[in-house]
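Trainee: Chains as they are written, first to last, in numbering that gives the first Met the number 0: chain A, 0 to 490; chain B, 0 to 490; chain C, 0 to 490; chain D, 0 to 490.
Derived from the structure by calculation, the hints contain no laboratory data. Hints are supplied without guarantee of correctness; some may be wrong.
When chains are identical, the list treats them as one kind, so a pair holds in a single copy or across two.
Under the rule of at most 20 Å between Cα atoms (straight-line distance), these lysine-lysine pairs were calculated in the PhoX-like manner [said to hold, decoys possible]:
#1 64 with 157
#2 202 with 259
#3 355 with 114
#4 240 with 355
Protein chains: 4
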Amino acid sequence: MKDTGSLINHYCERFTLIDEKEAPKLMTIEHELKTSTAVPKCGLMMIGLGGNNGTTVTCGILANKNKLSWLTRRGEASANYFGSFSQSVTVKVGMRQSKDPSGKKTMEDIYKPVKDLLPMVKPEDFVIGGWDINSMDMYNATLRAKVLEPGLIQQLEKDLIKMKPLPGVYNLAYIASNQEDRANHIKEGTTSQLIQQVQEDIKNFRTTNKLERVVVLWTANTERYYEKDISNLEELEKLIKENAPLPPSVVYGVAALREKAIFLNGSPQNTIHPALIELAHKQGSYLAGSDFKSGQTKYKTAMGDYLIGSGIPIRSIVSYNHLGNNDGKNLSEPHTFRSKELSKVSCLEDAIMSNKILYPKGQEHIDHTVVIKYCPFVGDSKRAMDEYTSEIFLQGTNTIVSYNVCEDSLLAAPIMIDICVFAELFSRISIDSKPMGPVLSYLSFFFKAPVTNHPEYVINSLGRQKDMLSNFLKACAGYGTEDNTMMAFDF
Amino acid sequence: MKDTGSLINHYCERFTLIDEKEAPKLMTIEHELKTSTAVPKCGLMMIGLGGNNGTTVTCGILANKNKLSWLTRRGEASANYFGSFSQSVTVKVGMRQSKDPSGKKTMEDIYKPVKDLLPMVKPEDFVIGGWDINSMDMYNATLRAKVLEPGLIQQLEKDLIKMKPLPGVYNLAYIASNQEDRANHIKEGTTSQLIQQVQEDIKNFRTTNKLERVVVLWTANTERYYEKDISNLEELEKLIKENAPLPPSVVYGVAALREKAIFLNGSPQNTIHPALIELAHKQGSYLAGSDFKSGQTKYKTAMGDYLIGSGIPIRSIVSYNHLGNNDGKNLSEPHTFRSKELSKVSCLEDAIMSNKILYPKGQEHIDHTVVIKYCPFVGDSKRAMDEYTSEIFLQGTNTIVSYNVCEDSLLAAPIMIDICVFAELFSRISIDSKPMGPVLSYLSFFFKAPVTNHPEYVINSLGRQKDMLSNFLKACAGYGTEDNTMMAFDF
Amino acid sequence: MKDTGSLINHYCERFTLIDEKEAPKLMTIEHELKTSTAVPKCGLMMIGLGGNNGTTVTCGILANKNKLSWLTRRGEASANYFGSFSQSVTVKVGMRQSKDPSGKKTMEDIYKPVKDLLPMVKPEDFVIGGWDINSMDMYNATLRAKVLEPGLIQQLEKDLIKMKPLPGVYNLAYIASNQEDRANHIKEGTTSQLIQQVQEDIKNFRTTNKLERVVVLWTANTERYYEKDISNLEELEKLIKENAPLPPSVVYGVAALREKAIFLNGSPQNTIHPALIELAHKQGSYLAGSDFKSGQTKYKTAMGDYLIGSGIPIRSIVSYNHLGNNDGKNLSEPHTFRSKELSKVSCLEDAIMSNKILYPKGQEHIDHTVVIKYCPFVGDSKRAMDEYTSEIFLQGTNTIVSYNVCEDSLLAAPIMIDICVFAELFSRISIDSKPMGPVLSYLSFFFKAPVTNHPEYVINSLGRQKDMLSNFLKACAGYGTEDNTMMAFDF
Amino acid sequence: MKDTGSLINHYCERFTLIDEKEAPKLMTIEHELKTSTAVPKCGLMMIGLGGNNGTTVTCGILANKNKLSWLTRRGEASANYFGSFSQSVTVKVGMRQSKDPSGKKTMEDIYKPVKDLLPMVKPEDFVIGGWDINSMDMYNATLRAKVLEPGLIQQLEKDLIKMKPLPGVYNLAYIASNQEDRANHIKEGTTSQLIQQVQEDIKNFRTTNKLERVVVLWTANTERYYEKDISNLEELEKLIKENAPLPPSVVYGVAALREKAIFLNGSPQNTIHPALIELAHKQGSYLAGSDFKSGQTKYKTAMGDYLIGSGIPIRSIVSYNHLGNNDGKNLSEPHTFRSKELSKVSCLEDAIMSNKILYPKGQEHIDHTVVIKYCPFVGDSKRAMDEYTSEIFLQGTNTIVSYNVCEDSLLAAPIMIDICVFAELFSRISIDSKPMGPVLSYLSFFFKAPVTNHPEYVINSLGRQKDMLSNFLKACAGYGTEDNTMMAFDF
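Could you build the full structure based on these sequences and the hints that come with them?
Mentor: Here you go:
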């Protein structure tokens, strides 16, 4: 680390408590927010490194690092971080008043890039590695993914061909049977041995690359739901000792946390059991998940804010998806799809529960269907077709149909970068002298089914998730938060 | 008025000033917010009373007042206020902490209906009247509109048939030539005389109905842009004296403000010139506008928040609309459409200007096209088809196509009710002993092209407009505003 | 019958035989087409009478018989037969040459309504009856269906309330378990007794109403596929004798054919086994099926003609549907959906097999997915969302997305009328002194999975199905068929 | 020419004449169809060679000639002629009866590629040349077009860079003012001189390349409608003599026909006046047009066949398009768009006129709107959004919305190839010893607004256009035409 100093800011939190008699009590609580300014050398180990997400993140970071340009049918393209909250979003940090040439007072909003708020890892500085159950080198894996332009891949060939994933933990019982062909590069051993092997991998990666921090990110296949609810660490340790066939994601999670790496889960399965949280807590490490919120569900939580927030009750949502990448293939079997479905259908619950005029007690049900189909021809170009039907004034109907086409991995990759950047940052922040976590709930914005430190309290509203993250970052950076009332401006 | 008391709350506004050196200065300013609790008997005079919006508002209020139900193809329907922010939206007013049966601390959000925050006019209590250039009674006008179900209209026949609009101010130079057939019920006279006649209408309406407050709402045809920029009241008075052919909306505006009525403009034309604002100020009255934001543009400003707020630069938006009601017919001529187009295309400007990573200086242009076509067969059932094309990671493309079907008037009517309810409320609120206005900028949420007291500062972002309105109402009601940082909750 | 005469026309069929050596042999074969002109008094017995299709057909026929008009939100509506090939389509019967005022030769096409080509039953003359597993009278069943406007249903109340379905044959093993609640009106007995009871119902209906012809039409729930392939009549009789639990549709089929009624199958299950065809043949009766082709599949076979017929290879089709009527509910279970899926996915096979340039041997596969979801809120208003992805020149891609909204029953009802009208007509036609049938293959136009007298030869192309039906009708009516070469016209 | 022989076939045309008394008269007329089998060496001169269509045709032909493959994001692609009727479509030429292993009679349809029916120019054998108002060489023009993949263009660089368009005829009065920048390579002179120069160009091209036949194809910008109706050749010659500023397309047409080249018009403007037809007739040459039917209109005429042919009256069609290529730019001005609009809106007229049940006399109107917008960001990737609203049974409504994305030039290029191939072929065919033409009406399938030899008689129905073309080709090739009645097969 280049610097061992800290940035300390004080922030006055503001919220309202409602007591039993419905009376509001306005609370203001002063906090000390301390951010270590020493940005560590950080490694990013992806599980599923050779998959579409893994190769896209890798190439995207290399393209940006080398400031590459390449030819496409549409003209010359060049590297960017579009779609990344940390790298491409700005937040309002305040207002400026001045005078125009005629002497009239004017005001304007001042925005600042998120990346400039606090010292964060630059994506280009991540050292990339990871595991895959398929042995293909990263150059050929990138070609196989069919996500990126040939003109870009060719420039990266030399770098990519040298990168080879470590052998992966594999258990066919947890993924779709159609993945069997792909599994040619796997670890063998008891559960305990597998954990040990992954720990060795992390250790080696850390040592070889002289890393101060490692982030382990699950971006591999969706696993089926794990039927057991491992409610405490003791139970988990017992299962490991007994050589119970744990889902691979749990094996990685345990290994990562034992190594004090940050563990992030980008797929929908229920990897983050209470026992894993307990382990993170014990180790002083961090975890977050689950399921990247990149496309249809992100749009859905924005639509929930929009419609329900306008007094319009959504009555049915039908969400169809099809895609032809390996994610779609894996999800084409019912037991893996079930995990995805569960992750996707509950995302409007907080919006519905918030409005008893539109959804009175006992009438909270909406027809909500999610379908994912495997359509090889479209490749990574995912198509989401949604229909939102709402009731409007005098029981008229409002129907909104949307058709969304996007390379699945191009939406996911920048979000993956965000999660890693912020997870590392949060590991350097303390609130009132206490470290954050162990669950990094402030990452809710990036997950379809956010896990929090309060199992009963989850925020899905996109607007509120974004407020939470932005305001927290601004507070840490010494900016206030805005209430937008504009009263002082005679608005 | 039933009550002459006041509700007084103190609110501590919070914002940040950025000085020349980019340093933040955190501001907290205490305000006294005083709301007169005496809800007046209020009249609503609509210009274009017999049009689709006018008849829908009228029938909707009557249906709710009488708690009507009616049979439709889909089963029994009953009156509601869906789509109304004031009547159907809830806001988070705070959190409650308690313990679950096992003694574990839990927390939950507490929401409250907007209508219960402060004493407001109940929509059913509005006394309805207004003007139309067509003489048809309200029963037949409602049938002509083809918006509502026969089963509802039949129950209202007796009430509606007695309601007849006052003759309207008419000037064919400002609307489409295809409206000529409809204009059989118009006032004659010099500009000055027309204003006088409208003033008499307002006076009579007030006296006859024993009203304490009158709101005059333009919901008639879109007029063409008025070429002159009437920059002060003196100039306006001079034009009136010279019998200049002012646009009818200006005639109504002047008359309403002279009568200390609140003047609201729901159409896109530039009625609200500086001179009109000056008049409102002088009269101690209020005005707001322009152009109800009910459908495509509202969605667009939500999409702007969603995409640009996710670091995804929108590069083109093509917005097609067609509808078959009289609004569509009037807009089928280029000079009236031009007003609408201007109102619709600039709604993403603040979002674009806020992000210099996605839109560097000189590259703020996006391809943005708005088309409105008249298609009689679809009637009031407006169809909006949009295509949003954005650049994503590594210059991939994200395309979102939406198709939105909705009865135009069923979306507009609840918003019209909102504007009137809040405009009346705001006329009873003072901030630090100063009345609000004269422009009611806090109504920006409801307008495509909001007019504010700061011509250079307009907020189009749907999320921010909503925050502004909600937070202001909560502050007046004695609730704090939330910063959503959740720090106190070890989130 | 009013008339015992016959209409005899001679038609010269024209086709080409290709021999082993690929040489064409032009064939012209003269046929005698004899149509009995005596239109019988005809009864229509629907299985599923109280369902959405059954009630819609019944009300539609009554509305047309009584030339009713009714008020809707959109204005006055009146009875029609739109969507019916027999009642609303015209066919080109020839050309007319004349001279224009200036003496110049002109030519024009002459079209004639299909219904005027040959003597057919008028839909209004059908005597309607049938069975249902639910006892609800037709008035309440029509309200339950939520298909038609209240203003129409109210006018038919008196007629409908008297109509009550006969108890139905019911076997939960063949439909979705969610239909159990509805089954309150069912026949009891051994398989043999059930057949007997249905035969009695038909006999009574015939006698009571003095009918000369009865058509029995299955428009009830989709059954699951029947696992046995009943390959001959002997086997079927044996199963009946052994009281094997036959699917209800087979029970009705056997009963209908034993009664010499025409049996038509509007649902996708494999009711029409070889044994049933043998029975029809033995009885001198007729049958046709299966699965009304009314919406998405009809469009798909038109799209196949359009795209493949333009040299554009479709590579993937994803067809999503959702609806909220009882058909959707029944299809929400996998075993009934399976029947529907099988019926829907093979409809492009003949188009694909016809073009070895686009689909070389071994490359006939296209990604083709069909999804049907139950969404109660949308009721009978079915929504079909399709995506067609095709390869074009130089391996570009053409993507066509369609969103189709239509009341399911309003599309099906006129087709049901067509099938009955033509089935009855075809029972009066002989080709070269031989009756048609037993399978009425010329009805292929109306079925998703047409059964023919040549199991190995099925036509799915919409264009060709229509040509076959139109040309056959024109030939019977004494019109020639057109080759559209226009050579004689110096075109 | 390799061969001076002829293929002679006799065909018995079949149609029905309807006399004044509505009685049908079945006509069978024997024709001698003679096709010269000597396929000439043929040149294709495109006007607008350097535009998107011109470069795409050129590269496509070169790619096929050299059997090229290239890498794309989606994997390896290779040259094809998808979308070409002549190269990629098959037609049914007859049936084959045989026996299956069990001795049972079977039958199957026999299909043959269109290109194998008669001796036609192979696209790869066209010698390509032409004109452009911009001087850019074909390599850079192809890059500018942004239609094709870099991996393909790079392989063609050496060929393309040598190809340079001849200077074009230019008159800004006939195209959009925004084309002015592009016009840096133009001919100067009087109208007569311009014609002369183009004739010289054709002569040189013919001589240099030793061509036996030249086809001149207008694929340049849409011109505005020419206000004069040049009703005979004398008048046209007079205008030329007087140096009237004729539209450039007319200048090319006159020059081409004077040179006995075939003149084809792919844009919508009214180039093909009676005078031009007279000139073609006099010269013994041929012409055809207008406006390539490749996308939205082709789909529309298929939808007309589908819906109206199913007894469903279309009541409104709203067709929105946007694109960002130079065609879109040129059409963004009202006077050029007007030509396009006229070409596009009348395409359902014959379908509407054919059905007096759905469209009784005086009620033939449908709401039909066509919009084209210029949206630079989407480039050549045209997006068509259509809404078809139809009335169905009992005045229900069927709404079909489609969204169609396709590279505009990739759809047009194969059709351009077809038109040239067939035009050349038809110039070698005589019917009853008379040459075809002068207007090649059998090409109607390829044009939005087909010109025929019978101005009052135009066929727009896609199905019928295709029948006409296919049946004519089959007849010339010695195959019969099929009536699809299947009577001989006991179907």
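Trainee: Report the numbers of all earlier hints that the structure fails to satisfy, in ascending order.
Mentor: Hint 4 alone not satisfied by this model.
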